[in-house]
Structures are given as structure tokens and as C-alpha cells.
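> Going down the list, the sequences are from chains A and B.
To convert, count from 1 in the first sequence and add 7; that's the numbering used here.
To convert, count from 1 in the second sequence and add 231; that's the numbering used here.
Each hint should be verified, as a subset may be incorrect.
Computed Cβ-Cβ distance ranges for the label pairs, DEER-style [claimed, not checked]: (1) B/Arg375 / A/Glu38: 29 to 37 Å; (2) B/Pro236 / A/Ala72: 25 to 33 Å; (3) A/Glu49 / B/Glu313: 17 to 25 Å.
Taking beta-carbon pairs under 8 Å as the criterion, some of the chain A residues facing chain B (in silico) [stated by the list, open to error]: (4) Ala21; (5) Pro52; (6) Val65; (7) Pro87; (8) Gly91.
Hints are computed from structural coordinates only; laboratory data are not their basis.
Every residue, glycine too, gets a C-beta built ideally from N, C-alpha and C.
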Amino acid sequence: GRGGMPTVTVLYFARAREATGGLVEETLDAEHTDALRALLVERHPELESVLQSAVLAVNQEYATANVALRDRDEVAVIPPISGG
Amino acid sequence: MSAAPADADARDHVEITGSALSLDAAYEFVRSPRAGAVVTFVGTTRDEFQGKRVDRLEYECYAPMALKKMRELCGLMRGRWEVENIHIAHRTGIVAVGESSVIIAVSSAHRVASLEATRWCIDELKATVPIWKKEFFQGGEVWRENETQRREIRPPEAVG
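Let's have the full structure, built from the sequences with the hints guiding it.
In C-alpha cells:
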């Protein structure tokens, strides 16, 4: 990405998608998931409460702690799930 | 969507679909001359939740990750129990009252394996697979949240 920062694709689901006003996907630059969370709240203030209970998944694996991001990673915002 | 990676076990079938689920299809996939038992679990939309009349549920899914997690569930089931075939199908979109949202079918030579594996599978699916349901009831709508939320599938306990 620009200036050496990783460029990642962010996906929004369920309550997170509603908080972005219906935006399902966007491309952003961030070094790690903690930084990405802060950036998401900046861009979409309504995401703040959702992010408190949401988990991030990086390349389809749940991120249990701060995770370093790499170019072209896929990061999904996963609010509390309710399958089944 | 259910395209499997090259190394997927052919005895596992995992699927996310916008169409109505078929119990017949699940049964046909798992039944086998080697199986003395077939267990099926069907999750259906109830007409009531916490005193409110439910009109319908709408399901949404992060499909590539959900399929990945469902395949992991199959692998863990095979590691713990002697099962023959496994079929997991989850529906997305509108699921009206009385309709099925999820079907799990498992076959095994002897019944204990498929009974225990099926129960474990639905419990772990609800705790770990990225699928969401929005409930539409009289007077509003709400995103439901399952009681147990895990970031890692909890493997079944080892045989004592």
C-alpha cells in the first residue's frame, strides 16, 4: 500500500453493515488490527458500539489478539453470531 | 456455495444455500451400507421468542469462512468418533416460521458415534460459525446473539 502500509479489504456483516450505512466492503490501510479498529471508528462512528462486542477475522481466522496485517489481507468485522 | 478444496474429505458435504433445505438430500448423502445408524438434526424457525410472535428469521453468512469452519467441524468429528458420512447445510435469506435453517446429518456403524457427533456439531456450529440471524417480530426486529460465542472450535473431549 501507500507509504509501505498494508492495504487490506474490510468486510462488514450484520449489525456492522447497518452501522456503516449499508457499506459491505472497503479497502483501507492499517498496520495491525488494533489500528484498524481505531480507523474504522473514525470513518464510521456508529461502529464503535458494534466493535465492542465484535470479533475480527483475518483471512478467515478469528483474531484473538492484536494481529499484524499484510498487503491484501481480508479482515471481516464479525458481530456476535447466531447461526443454527 | 460448497466448492471443496482439493484435499477435502469426499465423505463430508458442507453447504450454504439460499434455497430451501432438503432432509431427503441430507439423508441420501450420509446413508451407507457401512452405517447402522443415521442421525439428523434440523433447526427450524419458532413462532415465538420471549413472548413475542415471530414472523420470520433472516440469515446472513460470511460464506467462505463459514464453509471453512464447517469443514473443520467435520475433521474434528472424524478425529473423535467413528463416523461414515457427514452432511451440514445452512440456509441464508428468509426462513419463515416452521421452515428449516440448518440440517446436520451423520451416519455411523453404531448409533452412539452419530448421536454424540451430531449433538457436538450443532453446539459448535452455533458457537463458532460466522452466520447471523435477524428476527422479525411483532413490533420490531433484532439481531439475535447465540448464548455461547467462541473464537476457536472446542474439540470434543478425548475418550476416557
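> In ascending order, which of the hints set out earlier in this document are inconsistent with the structure?
Per hint list: 3, 5, 6 violated.
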